[in-house]
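Participant: Listed below, chain by chain, are the residues.
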Amino acid sequence: MEDLLNAYDMSLIRTAAVMVIMALSLNLITGFCGQISLGHAAFMGVGAYTSVVLSINGVDFILGTLAGMALAGILGILVGLTSLRVRHDFLAITTMGIVFLFSGIVEQSSFLGDTDGLSGYPHPAYGDFAYMVMTILLAIAVMLLSIYIRRSWMGATFKSIGDDEDTARILGIDVSLYKLAAFVMGTSLAGLAGSLYAHQTTIIQAENFGFIESITVLSMVVFGGVGSIAGVTVAAIVLTLLPLWSQFIGDYKLLFYGGLLFLMMRFAPYGLAGIVVRLQRLVFRRTGDTG
Amino acid sequence: MTTVLEVRDLRVVFGGVTAVDGVSFSVDDGQLLGLIGPNGAGKTTVMRSITGIVRPTSGNILLDGQRVTGLPIHRRMRRGLALSQQLVRPFREMSVIENVAFAAGYRKTGNPLKSLVTFDWTQERARATELLAMVEISSYADADTGSVPLGVLKRLEVARALALDPKVLLLDEPLAGLNSNEAVTLGDTIKRLNGDGLTVVLIEHNLGEVMRICPRLVVLDNGRKIGDGPAQEVMADPDVRAAYLGTGAGGSHAAA
Ligand SMILES: Nc1ncnc2c1ncn2[C@@H]1O[C@H](COP(=O)(O)OP(=O)(O)O)[C@@H](O)[C@H]1O
Ligand SMILES: [Mg+2]
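Protein chains in written order, with our numbering: chain F, 1 to 291; chain P, 292 to 547.
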């Protein structure tokens, strides 16, 4: 197995697995709970920088990753708290502000490598193949966690809030607390993705976690079908690999993902998952007619 | 008789418009109170102030003798209020029965951590089935809320409010959109629930039903209370007749 994949293949697979975690983590906030976020990559950056700075200081990879998740989650709660005060359109602007705040702080901090970024930090000694298997397993774990949450009463409550938060309140739902729960889970998982990303590459810079990356993740969620776990997973894989295969898409990322976002919202608001459901209905209606 | 709900000198100003202008009344345990008045009188605003959807400009709301004016909506509901809204707001991504079952799960949704480790819907579905039967929309249980008539959605609102097992049920025009048979049946159901001990505040335009089931009325006009007392006496009051019915009229449906 190990011989069948060259280093490049393995890096593609690792990247795709990390992006699956990223997209599913945003799906918790945006898909399950209806809260838009245009700054999700910043939390990935917090996880990445925390874990890298700690590993430079001799802290173990796993501990560093947990610390990155914790810090991303704490910042997630802070952003979540501001989100409680604002409605949808303003939440978009607030969360967008987070990425600029993040890059602003990183690029002014010498211990974070300012504009040069951080490089030459120690990697966990697992080897490429084991590391790849680990990221895949973690991506699967995040999928299972998503399914678990969706099926729980928390999932139903998220759904009610995404649907109509005023009515959820009238049914006795503490909407603020549930939104915070979604933010803390989603942003700490973004922190996980950040640490995994940092330790499979050789350099991290603020621009790896900027606005374009945030839009990329959002377009994965929208393309997959907001809320659909399978759809978002497939979309994350496809949209991660496409720009690597196509130089053109790679060069015009923002245009590509922004355009995709627009087209999906305009023409297929339920994303891939919605298209699959529609096709199924078509097929079933056909077979129903003839049989 | 103990007072369960008290509205004390409530004033609500929207921009420049005074929607509610110093209204006070109290509701005793087990009462069925009809809150009536012409369109724009401020009835809905009073109800929304009770639940906390609207922040009053001044005045207070007391539940069981305790001030709840500063409390967020969900905490008031969890103290025993439930509201069936004038403009229906079903969750569009849930079926009819899921809407009611979700509300019936209020014990499971009180705490996010608890909700994360709870999966069972058996009791809630059973309760929802009961409530849908009670308001006679069982045949729509699995329907999409986007595809059912308004009369069904109005009764869904009522069933969903009842699913919270409230002490005080607030109903904002629950009979609107129902045909006359459906309205009488739902009126009977409300009366029976009240007979079983549920306190009800009913806003309703269908005066025939109001007079049939409400022993006591509070009448609002232009944001002010112009009548309060036993239904027959209140309706005989010349001020009420003039403001609300137009002089001397006595039809079963109020002119708006
Ligand atoms: N959210 C609001 N913003 C501004 N004005 C409002 C609002 N809600 C109600 N009003 C106004 O307050 C008055 C009372 O309305 P409402 O309470 O809905 O009356 P009713 O339920 O008795 O028909 C009306 O003049 C209405 O236009
Ligand atoms: Mg009204």
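Watch out, some of these pointers could steer you wrong.
As the list claims (entries may be wrong) - Quick list of the computed label-pair ranges, beta carbon to beta carbon:
hint	chain 1	residue 1	chain 2	residue 2	range
1	F	166	P	315	25 to 33 Å
2	F	57	P	414	30 to 38 Å
3	F	230	P	456	32 to 40 Å
4	F	58	P	408	53 to 61 Å
5	F	282	P	309	34 to 42 Å
It is worth saying that the hints were derived from the structure and are not from the lab. Backbone N, C-alpha and C fix where the C-beta goes; we use that ideal spot for every residue, glycine too.
Participant: For every hint, state whether the structure bears it out.
Facilitator: To see whether the hints hold, each was checked on the structure:
1. F:166 <-> P:315: 25 to 33 Å: At roughly 27 Å between Cβ atoms, residue 315 of chain P and residue 166 of chain F fall inside 25 to 33 Å, so the hint holds.
2. F:57 <-> P:414: 30 to 38 Å: With Cβ atoms ~53 Å apart, the hint is violated.
3. F:230 <-> P:456: 32 to 40 Å: holds (37 Å)
4. F:58 <-> P:408: 53 to 61 Å: violated (37 Å)
5. F:282 <-> P:309: 34 to 42 Å: violated (56 Å)
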